[in-house]
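In this note's numbering, the protein residues as written are 1057 to 1155.
Everything labelled a hint here was simulated from the structure, so no lab data went into it.
By construction, the Cβ of each residue, glycine as well, lies at the ideal position given by its N, Cα and C atoms.
Honestly, I wouldn't trust all of these hints.
Said to hold, decoys possible - With a straight-line cut-off of 16 Å between C-alpha atoms, the simulated EDC-like cross-links for lysine to aspartate or glutamate are:
| no. | residue 1 | residue 2 |
| --- | --- | --- |
| 1 | K1144 | E1092 |
| 2 | K1118 | E1087 |
| 3 | K1139 | E1092 |
| 4 | K1144 | D1112 |
| 5 | K1118 | E1100 |
| 6 | K1144 | D1110 |
| 7 | K1139 | D1075 |
| 8 | K1118 | D1082 |
Claimed, not checked - Pair by pair, the computed Cβ-Cβ distance ranges are:
| no. | residue 1 | residue 2 | range |
| --- | --- | --- | --- |
| 9 | E1152 | H1071 | 18 to 24 Å |
| 10 | V1096 | G1154 | 21 to 27 Å |
| 11 | V1155 | R1131 | 18 to 24 Å |
| 12 | V1155 | Q1111 | 30 to 36 Å |
| 13 | V1125 | L1146 | 29 to 35 Å |
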Amino acid sequence: MYAVIFTARVGDQDHHYGDMAGRLRDLAMAEFGCTEFVSVTEGEQEIAISYWPDQDAILAWKQQAQHRVAQQLGRDGWYTHYKVEVVKILRSYSAEAGV
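With the sequences and hints as input, model every part of the structure.
Structure representation (structure tokens):
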């Protein structure tokens, strides 16, 4: 299992940003093997973490046509800075309250 950690400083996110982000999240999960996607924005900082079964799925997603358009829009102004990290998850565990 792998995770992609996207951190960014928010720039000029026009009204298309939210729609594009939602469509791409749904597409990544439905057609590219993404198993979970979590994002949060606080002030000018954004972080998104997505989970993937393998590096091939991540690379296929990176090359997807609509995603490439979004990447360019990000570089053109949606973000003033961003960083992408791909990490391998060595261990994972969880618990629920009261259990």
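Each hint, compared with the structure:
Note on K1144 and E1092: the hinted pairing holds, with a Cα-Cα distance of about 15 Å set against a maximum of 16 Å. Restraint check: the Cα-Cα separation between K1118 and E1087 comes to about 13 Å, which is no more than 16 Å; the hinted pair holds. Between the alpha carbons of K1139 and E1092 the distance comes to roughly 19 Å, so the proposed pair goes past 16 Å and is violated. The suggested pairing of K1144 with D1112 holds, with an alpha-carbon distance near 13 Å, which does not exceed 16 Å.
At roughly 24 Å between alpha-carbon atoms, K1118 and E1100 are farther apart than 16 Å, so this suggested pair is violated. This hinted pair checks out: K1144 and D1110 have alpha carbons roughly 9 Å apart, not beyond 16 Å. Note on K1139 and D1075: the hinted pairing is violated, with a Cα-Cα distance of about 22 Å set against a maximum of 16 Å. As the CA atoms of K1118 and D1082 are separated by approximately 15 Å, the hinted pair is consistent with the 16 Å bound.
Distance hint check: the CB atoms of E1152 and H1071 are about 38 Å apart, inconsistent with the given range 18 to 24 Å. Range check, V1096 to G1154: about 25 Å between beta-carbon atoms, so the 21 to 27 Å window is met. Taking the beta carbon of each, V1155 and R1131 are about 44 Å apart, not inside 18 to 24 Å as hinted. Checked against the given bound of 30 to 36 Å, the beta carbons of V1155 and Q1111, roughly 33 Å apart, stay inside it.
A beta carbon spacing of about 34 Å between V1125 and L1146 agrees with the range 29 to 35 Å that was offered as a hint.
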